[in-house]
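Protein chains in written order, with our numbering: chain A, 1478 to 1725; chain B, 916 to 1071.
Think of the hints as simulated: they come from the structure by calculation, not from any bench.
Treat the hints with caution; some may be incorrect.
Stated by the list, open to error - Ranges between beta-carbon positions, derived for each pair:
(1) A/Lys1659 with B/Lys1039: 42 to 48 Å
(2) A/Lys1539 with B/Arg1001: 57 to 63 Å
(3) B/Lys966 with A/Lys1655: 27 to 33 Å
(4) A/Arg1634 with B/Asp1030: 15 to 21 Å
(5) A/Phe1537 with B/Lys1039: 18 to 24 Å
(6) A/Gln1613 with B/Asp1030: 46 to 52 Å
(7) B/Val941 with A/Asn1656: 24 to 30 Å
(8) A/Lys1539 with B/Arg1043: 33 to 39 Å
(9) A/Lys1659 with B/Thr951: 26 to 32 Å
(10) B/Lys1068 with A/Thr1519: 53 to 59 Å
(11) A/Ala1595 with B/Arg1001: 37 to 43 Å
As the list claims (entries may be wrong) - Derived BS3-like pairs (lysine-lysine); straight-line CA-CA distance at most 30 Å:
(12) A/Lys1536 with B/Lys998
(13) B/Lys936 with A/Lys1539
(14) A/Lys1659 with B/Lys1070
(15) B/Lys931 with A/Lys1586
To be verified - Far from chain A, by Cβ distances over 10 Å, these chain B residues were calculated:
(16) Glu957
(17) Arg959
(18) Asn960
(19) Gly973
(20) Gly975
(21) Val988
(22) Gln990
(23) Phe1009
(24) Asp1019
(25) Arg1024
(26) Val1036
(27) Asn1045
(28) Val1048
(29) Lys1051
(30) Ala1069
Glycine residues also receive a C-beta, built at the ideal position from the N, C-alpha and C atoms.
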Amino acid sequence: MAQRGVTEAKMVSHRFALMSARILLACALPPCAGRADEPKPTPENTIHIQLAAPVPPQKFAKAPKFFISEVIDRSGNAQPMLVLRERGGVFLDRPPTEIAREAIEQSLKSAGLLAADAASADLVLQIYVFHFGLAQGSGLDFFGKVEFSVMVKNVKREESQQIEAKGTSIANAAIRKKNIQKNVQANIEGALEDAVRNLVRGTQLREAVASLMKDSPNAPAAAPSGDLAVAIGDGDRGKRFESRDEKR
Amino acid sequence: MVAPGAAAKDPEVTYKTVEAKHFTRVEGVELSPAFTDYLYAELRNELGKTKLFAQVVGEGEAVEDADAANSVVIQGVITEYKKGSRAKDAIIGFGAGMRSLKMDVNVTRRSDNQDLGAIKVHVKVSPRWNEEVMAKGAAHQIAHEVKNALKEKAKG
Chain A
1478 MAQRGVTEAK MVSHRFALMS ARILLACALP PCAGRADEPK PTPENTIHIQ
1528 LAAPVPPQKF AKAPKFFISE VIDRSGNAQP MLVLRERGGV FLDRPPTEIA
1578 REAIEQSLKS AGLLAADAAS ADLVLQIYVF HFGLAQGSGL DFFGKVEFSV
1628 MVKNVKREES QQIEAKGTSI ANAAIRKKNI QKNVQANIEG ALEDAVRNLV
1678 RGTQLREAVA SLMKDSPNAP AAAPSGDLAV AIGDGDRGKR FESRDEKR
Chain B
916 MVAPGAAAKD PEVTYKTVEA KHFTRVEGVE LSPAFTDYLY AELRNELGKT
966 KLFAQVVGEG EAVEDADAAN SVVIQGVITE YKKGSRAKDA IIGFGAGMRS
1016 LKMDVNVTRR SDNQDLGAIK VHVKVSPRWN EEVMAKGAAH QIAHEVKNAL
1066 KEKAKG
């Protein structure tokens, strides 16, 4: 009887040990599994986004000079560089704000509409990025979406106007990881190009420029003071006179 | 994939540009805000595939004055949406409980806003599919109807 009691006690303790081991394992596993699912950026799963060619902006009656003061991420995305979580993840190599700035600057520069600094610019652009990357699609394809909101400021007149630009692109889904990356890259580049075109060729920008540049002289809008601008002008004229005298 | 904005090299091209605007919705239509964005993107994609337009421009993009007479603007209103019933679809079948979407689409010439066609589109899909699949079907149907309307207009 005593022997039986000892055997039962042993079995109970054995069961208890097994149960506690299972519980411990269950407690220990989820964080590890979670960590394994969380994709990490590697050179293999990182893509480089840039415009294939600058987007030619529209022609303005009086071509202004733009300067991009800052690009702010307002997407509310905790991981803005992670564009696709599935299949080991797809990451951007730079933050969306940097990509957006480069794309817009490149396009403005191609038409000679980019000022070197804020002081020499007629209009200063402050860009808010609301969406950059993939959005929810049908599941049969990748839906790329890039959304900006741009504050166009005339610093001299202390006036501003807000405009919006949106770009979309739809690319086929893929099964192989290599093709997924290729399609996602093409898709986001397409959406970025579309958004930049929507901005620089948009009627909203044309109206904002017309409104903010109304009655403005050709002199740089953001010159520190009128006296300084006149002094610079006089200096130039003086040089021109000298050269004419020299010729004579 | 035909990228929106890309010029199509096809002899069928009749119009210089087409601009699809985001569809508005009447009061009481309960669709997510993302649906309108996806429908807009799909519509642009499908319009590119028709090869009737040299360029599919984005909403609010400027078009050169010389091209305006040969450009088209597409506007639409979502008039009705029924989300359907999975139970009815599974038990009854034969089209019962399907998701349904009705839209009124207007095609106008950019230069003078002349009406080139008013199209009524009705799309029905299984309630098991998500909104985006419905948008895909709707965009395909709209592009098809627009192509037919413009061809009829050109003939007449």
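> For this structure, which hints from the list above don't hold up?
Replying inline: 1, 4, 5, 6, 7, 8, 11, 12, 14, 16, 17, 18, 19, 20, 27, 28, 29
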